[in-house]
Amino acid sequence: MPFSYGSRQSISRSFLGEFRPSLFLAEAMPLKWVLQWQPNPGTTVNSQILAEVSQCVEGINGVKEGRWKATLTYYKPILRDQAMSPEMPRDFIGMSLPEQPNKYYFTLRSHRIVVESDVSVQNIMEKLQSYKSRVALIFEGFQYQLGDFQLRVGKVVPSHSENLRGIVMEVEYLPISSLEKSRQIMEEFIDIWQEALSKRSLPGHFIHVEPNFSEYGLSDHYTSQHTAVQYATVMAQLIASAQAVSTVRN
Amino acid sequence: MQQQPTAQVASPPNPAPPTPPPASESRSEAPPKQVALAMDRLSQAARLIADVRLGADRILEALFVAAQPHQSTKPLQSFNKEDASMRQHLQDLRAVGKLLEESGVLNESLRSRSNSWGLHMPLVCPDGAVVAYAWKRQLAGQAGASAVDRTRLALKAFTDQKRRFFPHLDDGLNGQSLEAEPKRHCGSRVSIAIQEDDRNNYKTLSDVLIYMEKEMPNVKVFTHGRLDWLKRASSLPSSANENLIEASKEHSFHSLNRLRPSSVGTVSVNTDKVAVIELLVPSVFRAIISLHPAGSVDPDAVAFFSPDEGGSYVHARGHSVHHVFRHITDHAAMALQYLVGVKAETALLSLLHWISSYQTLFTKVCSKCGRLLSMDTRSALLLPPVHRPYMDTLVSSMKDQSTNLSQAYHLGCYTERT
Chain A
0 MPFSYGSRQS ISRSFLGEFR PSLFLAEAMP LKWVLQWQPN PGTTVNSQIL
50 AEVSQCVEGI NGVKEGRWKA TLTYYKPILR DQAMSPEMPR DFIGMSLPEQ
100 PNKYYFTLRS HRIVVESDVS VQNIMEKLQS YKSRVALIFE GFQYQLGDFQ
150 LRVGKVVPSH SENLRGIVME VEYLPISSLE KSRQIMEEFI DIWQEALSKR
200 SLPGHFIHVE PNFSEYGLSD HYTSQHTAVQ YATVMAQLIA SAQAVSTVRN
Chain E
0 MQQQPTAQVA SPPNPAPPTP PPASESRSEA PPKQVALAMD RLSQAARLIA
50 DVRLGADRIL EALFVAAQPH QSTKPLQSFN KEDASMRQHL QDLRAVGKLL
100 EESGVLNESL RSRSNSWGLH MPLVCPDGAV VAYAWKRQLA GQAGASAVDR
150 TRLALKAFTD QKRRFFPHLD DGLNGQSLEA EPKRHCGSRV SIAIQEDDRN
200 NYKTLSDVLI YMEKEMPNVK VFTHGRLDWL KRASSLPSSA NENLIEASKE
250 HSFHSLNRLR PSSVGTVSVN TDKVAVIELL VPSVFRAIIS LHPAGSVDPD
300 AVAFFSPDEG GSYVHARGHS VHHVFRHITD HAAMALQYLV GVKAETALLS
350 LLHWISSYQT LFTKVCSKCG RLLSMDTRSA LLLPPVHRPY MDTLVSSMKD
400 QSTNLSQAYH LGCYTERT
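Quick note, the sequences are listed as chains A and E, same order.
Here the first sequence is numbered in numbering that gives the first Met the number 0, starting from 0 and rising by one per residue.
Here the second sequence is numbered in numbering that gives the first Met the number 0, starting from 0 and rising by one per residue.
This is chain A alone, in the form it adopts within the complex:
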């Protein structure tokens, strides 16, 4: 919607002036926190926990609405000189989100980069053969409506197996799109959620690691790029915990 910058006519038309700078930004979306399951030390995640979590959502009056699915792919570069590959970033991630079927999101966490592109970019990558998929993960599960909150509970599985690697949960508050304005509400919701969940005595709890969005050049208004960054952070945390477990074992 282009508006002329500082238009005098619009100022005379209304009392305080409706002049709006003309610039197009992505439409703001409701904000979302992505939580992940942190198993207690010495335990692993299993599908029983997933079932309990789903039941808990329904216990706080969540209404099951449908399924959701997101995919995440780790890319590795295809180099002629394979000796160079250790120097290349290993956290180049591509992600597709269910709320944006026409988009594909790239993150490079080590360099704090996130890019939104068209879903057809995958065709180009395929043709160029510059980057290939190293590991592909699927997040899928059910979506629940809880008044103005929308919850998604999902399992994390590799794309070609049913081996449960983790559990994620998305908490979305529909009326607000500002991260700062919603912080208190989200924190209280998480408290309520944790309290409800603690009654089931599960071996673990949900954590929320908030990335520093401004480092990625993202603003207070929530967008799907924020979601992609949160998932990249979730993956980093998952890998870190898995490595910690394997270190303990060895």
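Don't take every hint at face value.
[Said to hold, decoys possible] Straight-line alpha carbon distances no greater than 30 Å define the calculated DSBU-like cross-link-like pairs of lysine-lysine that follow: (1) E:Lys155 - A:Lys198; (2) E:Lys342 - E:Lys155; (3) A:Lys131 - A:Lys102; (4) E:Lys363 - A:Lys198.
[Said to hold, decoys possible] One-sided excerpt, in silico: chain A residues whose CB lies under 7 Å from chain E: (5) Gln149; (6) Leu178; (7) Lys180.
[Unchecked claim] Heads up, incomplete: computed chain A residues facing chain E, CB under 8 Å, no partners named: (8) Gln183; (9) Ile184; (10) Glu187; (11) Phe188.
Keep in mind the hints are simulated off the structure, nothing from the lab.
Bear in mind the structure is a predicted one, so any value in this text is a computation, not a measurement.
Backbone N, C-alpha and C define an ideal beta-carbon position, used for all residues, glycine too.
Start from chain A and add chain E according to the hints.
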């Protein structure tokens, strides 16, 4: 009345309508004549309908009299007479109706005709209104007007007339009723009188807007004409623009400062057309207040929305898709009724002031339970405190933030309290 195919007992004199010209002839008439004929027929039909009504009354009367004991044959005669004339009326009505149908009055079949001289046949609209020329209705902005619109227009006409012919009954919106005010205030507490004097300084719409700009800097106030608002609503959400406005607030403030001296002169002219006030607290809510009549300080509807919502349903009588804002809208409707009922001339100011208290909607905890979110048992929803008291806004000082206006309650917490 059941229509039975029996022969008429007598043929009473019926007021024979002038023989209508055959249908083919009417089509060769010039459009104005067609229109005049159609109008004639419509009034005929109206007369026939009146006759039918009267006839029905008489028939019922005859039946009633006949049911009484010891009667002569008089009721039977009058019944037969009425029955016959009723049938005749209905037949005539049917004939007139056919003619009207053929001439395109009951539907819009003639509208597509090209040589109608810009005139159209009179139209009987679905809600029963007869319009001589359909385009006249368009001109009057009533095309397809619904009952709500017609009521509103009627109310406006009535209010205008009342104001014109009975100014002493007015609520103080014109100068003549000022002497009535001290009578109302006598006996009230001094503190209230002081507060109300304070409020009385903000009588016109411009005053109210100036107050809001001074006292509520976090709340952006925009005014619109009614049609302008429809356009703007459809072009929302413009959250991107809000973001940039926050970033460029410095710039806008300075330019507004520069413009203010000159814009004050234009304010009084432009507030005449203001019918919608939009209050926006960025990232928190957008409230729409409708004024009726335009340019006045009489609010007649209010609704709350998310600042990201947009579309033609965003208006003072619309409802948000979000539960939290729907609940606040319901609450605001009650507040509006209360404020208008208690003291109409400061209702707008109090309302805007009360609405502005919602800028802490997502941060202020409930004054009863101390939490932000609470599960409302009736709706099984998690909601922030949507209830802010409006009843004491007249008593408390408008500048004092620590009194009732800054209290908030969950739905459940408030009902427990009262």
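Results of checking the hints against the structure:
no., hint, verdict
1, E:Lys155 - A:Lys198, "61 Å, violated"
2, E:Lys342 - E:Lys155, "20 Å, holds"
3, A:Lys131 - A:Lys102, "19 Å, holds"
4, E:Lys363 - A:Lys198, "28 Å, holds"
5, Gln149, "11 Å, violated"
6, Leu178, "9 Å, violated"
7, Lys180, "5 Å, holds"
8, Gln183, "5 Å, holds"
9, Ile184, "5 Å, holds"
10, Glu187, "4 Å, holds"
11, Phe188, "6 Å, holds"
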